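Protein chains in written order, with my numbering: chain G, 1 to 423; chain X, 1 to 423.
FYI, nobody ran anything at the bench for these hints, they're computed from the structure.
You may find that some hints are simply not true.
One copy or any two copies: either way a pair holds, since identical chains are not told apart in the list.
Claimed, not checked - Computed list of lysine-lysine pairs in DSSO-like fashion (alpha-carbon distance at most 30 Å, straight line):
hint: 1; residue 1: 84; residue 2: 405
hint: 2; residue 1: 372; residue 2: 84
hint: 3; residue 1: 396; residue 2: 191
hint: 4; residue 1: 224; residue 2: 192
hint: 5; residue 1: 346; residue 2: 221
hint: 6; residue 1: 405; residue 2: 257
hint: 7; residue 1: 257; residue 2: 372
hint: 8; residue 1: 257; residue 2: 401
hint: 9; residue 1: 257; residue 2: 6
hint: 10; residue 1: 372; residue 2: 258
hint: 11; residue 1: 401; residue 2: 372
hint: 12; residue 1: 28; residue 2: 258
hint: 13; residue 1: 192; residue 2: 401
hint: 14; residue 1: 396; residue 2: 84
hint: 15; residue 1: 84; residue 2: 258
hint: 16; residue 1: 372; residue 2: 199
hint: 17; residue 1: 396; residue 2: 6
hint: 18; residue 1: 405; residue 2: 191
hint: 19; residue 1: 372; residue 2: 221
hint: 20; residue 1: 28; residue 2: 224
hint: 21; residue 1: 346; residue 2: 396
Since this is a predicted model, take the numbers as computed values, not measurements.
Below, each chain spelled out in residue letters.
Number of protein chains: 2
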Amino acid sequence: MRMLIKNVYALLPDGTTPLTNIMLEGAKISAIGEVPEDFHPARVLDGTGHLAIPGLVNAHTHASMTLLRSYADDMTLMDWLRNKILPAEAEMNRSDHYWGAMLAAAEMIRTGTTAFADMYGPFMDVVAEVVIEAGLRGVLCRGISGAAPYGEVKLADNTALYQAYHGAGEGRVFVMYGVHALYSCPPNLMKKVAAAAQKAGAEIHIHMSETRSEVENCLRKYGKRPFAHVESTGIFDCGTLAAHCVWLDDEDISIIKKHGIRVAHNPGSNMKLASGVAPVPRLLQEGVCVGLGTDGAASNNNLDMLEEVRLAALLHKVDRLDPLAIPALEAIRMGTEYGAQAVGLKDTGRLAAGQQADIALISLQNTAFCPKHNLVSLLVYSARSGAVDTLLAAGKVLMEKGELKTLDEERIMFEAQRCADRL
Amino acid sequence: MRMLIKNVYALLPDGTTPLTNIMLEGAKISAIGEVPEDFHPARVLDGTGHLAIPGLVNAHTHASMTLLRSYADDMTLMDWLRNKILPAEAEMNRSDHYWGAMLAAAEMIRTGTTAFADMYGPFMDVVAEVVIEAGLRGVLCRGISGAAPYGEVKLADNTALYQAYHGAGEGRVFVMYGVHALYSCPPNLMKKVAAAAQKAGAEIHIHMSETRSEVENCLRKYGKRPFAHVESTGIFDCGTLAAHCVWLDDEDISIIKKHGIRVAHNPGSNMKLASGVAPVPRLLQEGVCVGLGTDGAASNNNLDMLEEVRLAALLHKVDRLDPLAIPALEAIRMGTEYGAQAVGLKDTGRLAAGQQADIALISLQNTAFCPKHNLVSLLVYSARSGAVDTLLAAGKVLMEKGELKTLDEERIMFEAQRCADRL
């Protein structure tokens with residue numbers, strides 16, 4: 001189907017925001033600019049008073065965990081994890097995982113996100129079903145961890161997920177292999193995961209160097225820093241999305257560059273859990289691909305990617321005492337183009353001919369966008385995600401003028417609350 | 001007039017959020033709880049599905065500067081100030097100041113703010129008129145700076161503002177004296193401001209120790225750190241609201257405590273301008289009153305106090321590597337109760353009998369508030385200011401179900417854009 005988004009300000013890859021038109025052909029953008037006389041769209045969206053940006057890409061989250069939003073906050077990490085989150089997760093059944101992921105999907109659509117990388121379990125197949133139903137793009141994996149036989153069962157789950165869902169939903173579901181973290185996944189298990197991923201041709205999603213104690217404990221236990229330790233298992237030979245990467249030294253960064261590891265930076269989660277400040281300006285300078293993620297809603301506590309874009313722009317300025325550390329345009333690229341690269345999506349994350357038609361339309365008719373000296377500054381430093389009023393993924397309209405088109409939001413909130421009340 | 005907000009979750013001073021009713025008598029809250037049979041309200045607001053919180057207090061801003069939102073970003077401070085902001089400010093006329101402040105008022109109402117402390121000029125009388133028209137509370141001062149005779153003219157302006165507007169708008173306009181900063185205000189001028197404020201019985205609003213270079217230059221020029229230098233001029237004898245207070249040592253903090261100086265912390269501005277991280281957890285531990293401010297929209301770039309509340313909660317956690325540094329309840333108190341104290345408002349900032357009826361109603365019917373394990377966590381870590389749908393100040397409804405009642409938002413945005421286009 002041909003579609004036209006007419007008379008819209010569009011954030012182009014070069015950072016300009018001209019008033020233009022976006023033409024779609026099926027799931028892709030066919031052209032941006034003047035509308036040719038022979039282009040006859042089946043549908044026209046009026047973009048007047050809106051800024052079109054690439055759909056935001058959440059490069060690291062745990063969607064079903066949205067059910068635990070506000071369940072436990074303002075605690076130390078281990079108290080939070082051992083006494084609240086792990087016991088609650090142990091109670092979560094298949095239905096809880098489904099409605100948690102549905103709640104996440106509704107919030108992502110409302111806030112302009114079209115793609116997300118998800119690591120969780122044990123019911124990742126329900127997350128795949130949510131991706132298909134919602135019309136989003138999902139890069140899914142099972143978080144593999146634990147001693148034998150538990151780790152091996154999770155690995156088998158991940159392989160089953162790959163076989164059943166990789167490429168599903170007209171190609172919107174992607175499957176990776178997930179390694180929870182070096183402290184929860186023994187080296188032998190990591191080697192098995194690496195072998196399975198190699199065999200399938202799949203990439204790997206892993207938490208890396210999130211806290212200082214993770215690095216210290218790794219040194220104590222294995223005599224190596226985290227990146228050297230994980231490198232020795234073969235995990236990095238498959239193509240890797242590494243979440244967090246907060247505590248890095250020169251050796252870590254050289255391993256990241258050597259293997260082309262892409263980083264998912266989670267500023268909101270790193271701030272709230274007091275994990276630390278990742279050296280993102282340096283990674284970007286050294287040519288590392290850095291996307292942005294929200295992490296799970298139990299540690300953020302939302303899935304609002306525009307907020308992560310702003311936090312990325314603000315946090316590194318104050319951390320380096322450098323007001324130029326991450327400019328507005330670089331921050332929004334991290335939330336879109338770089339995020340798409342980070343999670344392994346091809347032809348996604350930019351408004352340009354030939355790219356996937358993943359597009360968020362942001363209303364400029366509100367005080368946060370007034371006056372309009374610079375739309376990129378306004379988008380990053382002033383706007384709130386509530387201004388996103390229309391969203392397309394793969395050329396399909398998921399939200400129009402604030403109304404969800406693929407999901408029943410009222411029912412989702414009702415069912416999610418019911419699941420949460422039982423926990 | 002008697003008014004009832006019925007069936008609403010209310011954030012009480014002790015941090016609980018019971019489902020209750022709020023009774024108003026004129027400009028004040030008369031009771032919270034069961035509605036007595038003999039309470040006959042002239043008006044009932046249905047609070048079902050809402051959380052009532054005290055109106056947010058913006059303890060430091062420059063309202064008219066909202067006209068320069070997105071005018072210049074991602075620059076070093078001096079380049080930004082000298083080459084962009086100062087030349088633009090020099091062009092701003094009376095009408096620009098009016099529409100800039102009107103734009104600020106509209107944004108503040110939309111985002112749940114009922115009171116703000118403002119330092120700017122030269123047309124602070126138009127800001128007073130905006131406060132009166134909008135129905136907000138404003139604590140206004142002229143930013144006094146410059147060598148003779150300019151500084152003295154500004155001081156005379158501030159005195160004229162005090163005489164004309166202190167107590168205006170049924171007591172919603174308060175006037176302080178403003179000292180821009182020690183680097184822009186010579187010691188002799190500061191002494192004159194202190195004398196004028198003492199004579200009027202007014203307090204003082206000043207920028208203090210915002211950047212490291214401010215401290216270094218003060219030491220070089222005066223042989224003292226900023227707090228000792230300003231103390232010697234008598235400025236702190238009048239009652240002081242000090243904005244920023246980023247670079248403090250033990251001596252500075254002892255001067256702050258000695259004079260009961262209240263602090264306006266501006267996390268968003270301090271992050272964006274790369275000023276540094278104020279030692280807020282320590283100030284709070286030592287019993288200093290710390291409110292929150294947005295600073296001007298040219299350096300933030302919005303007036304969204306819920307965002308400042310979240311940034312305050314997040315920034316100090318990561319800065320101290322302590323997930324308990326500023327818990328959610330303490331953060332929202334900084335944005336309400338402590339902020340009201342900081343700017344010198346009596347009986348304001350808490351939901352309790354006898355307090356001013358400054359109340360924001362936040363809709364809980366959205367994904368960021370689902371599921372509802374803990375309303376305070378949700379408010380601070382998940383919510384977006386777009387969920388504020390009704391706002392009262394001094395018992396008057398300024399916004400109801402998203403519609404502004406005192407201001408014409410469309411016209412304000414039109415006029416503000418027209419002013420901005422001319423600059």
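To see whether the hints hold, each was checked on the structure:
no.: 1; hint: 84 / 405; verdict: neither (35 Å within a copy, 44 Å between copies)
no.: 2; hint: 372 / 84; verdict: between (46 Å within a copy, 16 Å between copies)
no.: 3; hint: 396 / 191; verdict: neither (40 Å within a copy, 66 Å between copies)
no.: 4; hint: 224 / 192; verdict: within (20 Å within a copy, 64 Å between copies)
no.: 5; hint: 346 / 221; verdict: neither (38 Å within a copy, 58 Å between copies)
no.: 6; hint: 405 / 257; verdict: neither (41 Å within a copy, 57 Å between copies)
no.: 7; hint: 257 / 372; verdict: neither (39 Å within a copy, 43 Å between copies)
no.: 8; hint: 257 / 401; verdict: neither (42 Å within a copy, 52 Å between copies)
no.: 9; hint: 257 / 6; verdict: neither (41 Å within a copy, 59 Å between copies)
no.: 10; hint: 372 / 258; verdict: neither (43 Å within a copy, 45 Å between copies)
no.: 11; hint: 401 / 372; verdict: both (22 Å within a copy, 26 Å between copies)
no.: 12; hint: 28 / 258; verdict: neither (33 Å within a copy, 65 Å between copies)
no.: 13; hint: 192 / 401; verdict: neither (48 Å within a copy, 56 Å between copies)
no.: 14; hint: 396 / 84; verdict: neither (39 Å within a copy, 43 Å between copies)
no.: 15; hint: 84 / 258; verdict: neither (39 Å within a copy, 43 Å between copies)
no.: 16; hint: 372 / 199; verdict: neither (52 Å within a copy, 43 Å between copies)
no.: 17; hint: 396 / 6; verdict: within (16 Å within a copy, 42 Å between copies)
no.: 18; hint: 405 / 191; verdict: neither (43 Å within a copy, 64 Å between copies)
no.: 19; hint: 372 / 221; verdict: neither (55 Å within a copy, 40 Å between copies)
no.: 20; hint: 28 / 224; verdict: neither (46 Å within a copy, 64 Å between copies)
no.: 21; hint: 346 / 396; verdict: within (18 Å within a copy, 54 Å between copies)
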